[in-house]
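One line per chain: the protein sequences are X and D, in this order.
If you count by the working numbering, then the first sequence holds residues 6 to 674, one letter each, in order.
If you count by the working numbering, then the second sequence holds residues 6 to 674, one letter each, in order.
If you are wondering where the hints come from, they were derived from the structure by calculation, not from laboratory data.
Virtual Cβ for every residue (Gly too), placed ideally from N, Cα, C.
Certain hints may be false.
A short, non-exhaustive set of chain X residues, derived as facing chain D with CB atoms under 8 Å [as the list claims (entries may be wrong)]:
1. 160
2. 201
3. 244
4. 248
5. 258
6. 416
7. 530
8. 662
Heads up, incomplete: computed chain X residues facing chain D, CB under 10 Å, no partners named [claimed, not checked]:
9. 79
10. 448
11. 594
Number of protein chains: 2
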Amino acid sequence: MNMDKVNEDLVKERAKCTFNVEELTFFLDGGKDKTLERKERERVMLTKKEELFGGIPDEYLSHKEKYENSIRKAVILFSLLRKIQKENNTDLFNYRNLLSGVLGASISQDGSPFGLHYIMFMPVFMSQADEEQQAKWLHRAMNCGIIGSYAQTELGHGTFIRGLETTATYDPDTEEFVLHSPSLTAYKWWPGGLGNTANYCIVIAQLYSKDECHGIHSFIVQVRDEETHMPLPGIKVGEIGVKMGLNSVNNGFLGFEKVRIPRTNMLMKHAKVLKDGTYVKSKNSKLIYGTMVFVRVVIVFDSVNYLAKAITVATRYSAVRRQCQQKESEPERQILDYVTQQDKILSSIAGCYAMKMNAWRLWDTFNVINDQLHKGNMERLGELHALACCLKAISTTDSSLFTERCRLACGGHGYMVSSNLPPTYALTTASCTYEGDNTVLLLQTARFLLKTWKHIDSAPLTPTVAYLKTVSDPGFSDKWENSVEGIIRGFQIVAMKKISWCVESMTNKIMSGMSQEDAWNTISIQLVSAAESHCRAIVISTFNEDMTRAMKSMSPQLAEVMGQLIELYAVFWALERVGDLLQYTSISNTDVVNLRTRYEQLLRQIRPNAVGLVDAFDIIDELLQSTLGAYDGRVYERLMKEALKSPLNAEPVNQSFHKYLKPFMQGKL
Amino acid sequence: MNMDKVNEDLVKERAKCTFNVEELTFFLDGGKDKTLERKERERVMLTKKEELFGGIPDEYLSHKEKYENSIRKAVILFSLLRKIQKENNTDLFNYRNLLSGVLGASISQDGSPFGLHYIMFMPVFMSQADEEQQAKWLHRAMNCGIIGSYAQTELGHGTFIRGLETTATYDPDTEEFVLHSPSLTAYKWWPGGLGNTANYCIVIAQLYSKDECHGIHSFIVQVRDEETHMPLPGIKVGEIGVKMGLNSVNNGFLGFEKVRIPRTNMLMKHAKVLKDGTYVKSKNSKLIYGTMVFVRVVIVFDSVNYLAKAITVATRYSAVRRQCQQKESEPERQILDYVTQQDKILSSIAGCYAMKMNAWRLWDTFNVINDQLHKGNMERLGELHALACCLKAISTTDSSLFTERCRLACGGHGYMVSSNLPPTYALTTASCTYEGDNTVLLLQTARFLLKTWKHIDSAPLTPTVAYLKTVSDPGFSDKWENSVEGIIRGFQIVAMKKISWCVESMTNKIMSGMSQEDAWNTISIQLVSAAESHCRAIVISTFNEDMTRAMKSMSPQLAEVMGQLIELYAVFWALERVGDLLQYTSISNTDVVNLRTRYEQLLRQIRPNAVGLVDAFDIIDELLQSTLGAYDGRVYERLMKEALKSPLNAEPVNQSFHKYLKPFMQGKL
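So here's chain X without its partners, still in its complex pose:
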């Protein structure tokens, strides 16, 4: 197979791109220097190309072999990371990039057994361990001298953290905590890396001292011997089995049979237990929200990265794949020329760009508010929490829906694991339930919105909800306008009216004798829907504001295309939620018809730049890992080449023929 040549349809697509792809890549990376940094990290990684990407692909291995291979590869990768970290003074921005950037997520299609060490164990430890504890463990943890996991969720308890069953009972005689799992449902379940990999773990347990329960607290617990890796006495640890995806993550279970740990293993930066068992409350119990929000920010970035992969694959494949002649004499048509295909692909591209801008904004907001938090200013914590909740929910939901749409748009071949679309979907759909189920998170945002609405006249409004005042002002004109700003206003009006309906409805139900909880439950479908509309208003308006600002420093060619993406995104969601707009705004049927026409025009305008828009993500083939999406577009050669790696193709006749099939066919079974 001659793999030098690029598929000629892709060559043509690239030739007709109207903007400079590199300019867009620099923008997406956050500047030319960041692109160069990323490329340097990739270069270092590719020095181990054969070890990381050679051999029989993971999907052909058994569950156990996959684990062993993932450890082998993780060790190579994280040794490189350790080196890069040492060489460069890595700040939090780079740390986040290392973690959730395409680099970290892609070596294994299916997650990493070290992931939780970096994403949960380290940040939680850094924010909750006191100085003594940091001195003792931090350096070792940083260098992977120990590998940690984070054990919160239990077999019977997820969302409702107060319901966790694991207990840590203080024994002043020995100055120890006794960790115990009182039932099967108390077993920790899900922590990444815990199955067979981690030797330490942060465990969340109900703290008991002097016969009193003080609620959940964090403890650092050694689970395996550092020399032999054997589970320590009283520790029941293992892995939880095969999942839809994330099978290299080595998720584990953990049970305690009265396991004793020193008092000093409780993370005591905030709350403390003194030697005699006296419990000292945290002065600022809200500081620990910082880590939770940090993780959700990382998830929003992840969802952008997953979607960027899916659209890269689907777009390039749609340029290469041909189907149906328009006229007898003509060749079959590129499927990217079908409007139904453009609808699926280009709206996903716009969605990816929109969420990227929102991830950046969330990151900035997080940094600003986190700084205020550490200075004792709690004012915007509620807003940050509500924003991170709904953005996590919407970004992961969108990302998984768009990824799956892209996969289905690739027809049968999108079902092949070698396309990398099924594993990408498995990763992105997982994030819809982990770190807060999306329905639960939207209800959290709704709670904040209802509270805000109730005090709208008395309290000052924080930035993300300021619109509620504007659009509910009696002097506000609700005249519909078919423009990006008009659509944003439309979503704001929808959100405001839904929120106000919910508040009114709650009040009525409570007045008629319903409990607060039952009233909340009764209208919860509407609460979720209000939070969604609110979040969509934010996403569109952030995309519009921040991209429009950025466009001022772009070449006119690029700025034009970015403008089209903003409008496509706004119009797409207006049409998706046209029922809301018709109910709550003054949009007319004619406006809707015009929006549909505009949508089709925008598809036509963006179509020639589709390949350029995904090329700009600059995901190298080794990280994209897709037969359908490689830069050269040699789809069919790659599909066949990958198939030939199947061990079932290594011998002409499988042994099961002689053992089972032949006797069966001959009627002997």
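Could you slot chain D onto chain X? The hints should help.
Here is chain D on its own, set in the frame of chain X:
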């Protein structure tokens, strides 16, 4: 673990069910005798329980081991089937049940390597082989003396069958056809069982004789030696690699290097090639559509069965799982009591019942029209084709969306393969692209609808489109009514207006100089949307009509619940498509608010019967294969028991610790 006891929440749920579950089971099976037949088939199968369901679960095996295990199990299963078939004079109804019933689909979570033999090879052979050919092969094929596959799709060609590249060129000198794959994209790709299992195959190829191409025809080709199973000379055969699901199906590729087969291997019931190479056209080329429609009917039944599994799992789990206290003193609440959960689960239950009634109706329609076809009456073929296309598209789309909703509604545990939800999703989403991509199928239906609309005044309307005349009649009152009938009328009006818009729009575009094809492409998003609305109108109205009729012979208790399901389904879809209704019907905002209230009331009414409604499907644990969904609801014990089967839990320390992890942690790598 004491597995005798049923979870007490499930006991309570069953106690409060208001109808007789067995009565519903008999109805769902098609009568008490059918239930007994099914149970007898299950009993026979369970005589091999240990061989079929024991051992390490498939998900822990390597790809190759999975294949070998699937052959072992398929041989056991199909030996039993062969026995049952011999003992009972199996008719087509039972044949379909054997194939697509819960029995066939469930032995392996991931499909069967013999599936295509039964579902494509046999039916195509029976309908296209002439008497001589049937005499030669049919008996052997029936008894699995040979195993066949069906090879149509090629690496570069799916939807556009006329574009297939494989050639069959007649050589009158030797009275043979020469099969050839002129390029890589001509390789057959996807046929089930072809990889390592089948020894025969029906191959679709472009027929050339006397230097003329006569389009695609079917040929029976031996691909492997019957004794040794070695691929025959010139045959390139192998398996295509790991997929998102269906990994026990052994999908294969197949290429020909000038392979010669006898003239008599062309299936000649319809078209023929005489010894001298003279091509004789089929008298009735449309008869072969029968098989295509049959397969789509089977797919609709499959999609019901998959969804029945998913809702059984999600409903039982939601009754067992508890989350969040309403009050400090109370236990946590069953998640099925949350309205957002009811929304996800109960709408899926209604969707499953609705599609079941539609599958039956389609089956009846198919039988009636197929009979007419064989009597030479082609009148309703277009309608049948259009109906099967859109029902296949809508039932598989709904089934996969609802299955995935159910999976996500089970939170993290729904991500475990042992829940059987991920494999069920993988099966149902596959059916969205195979046997006709859903977007393409909806466009086929749209083509029929536009044609119908154009001749609405001149030609008599067949039953499924008769409503177009009614709702477009100038005397028709479009007053909105919040009832099932009102909603059905609403969807019919929406469909009619979209269709008429499309016709008008096409005409305008063509008048302004656009080609027919470009005009079609330009409005294709609207065409798809018109076909969807049309199909939804049919699905709701069929559910309503046929279930209402059936309710007359049901006990009042059961009939009441069935009535609630009909209304829930209608209201659910009205709210899902409220944008359409607001645009095209006279529904008011107040009507919409009332529908929402009614929806919430219906959720409350159906809630106590949720478990009864899924118990009635009577899917035994061995076929449900779900830790979360077993009849006894012992969710946590089963999750742990399954996890302990993981080979990674068989030894306390995995070898990779010594090999990679320890040196890495000690900084030696």
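Which numbered hints are broken by the structure, listed smallest first?
none
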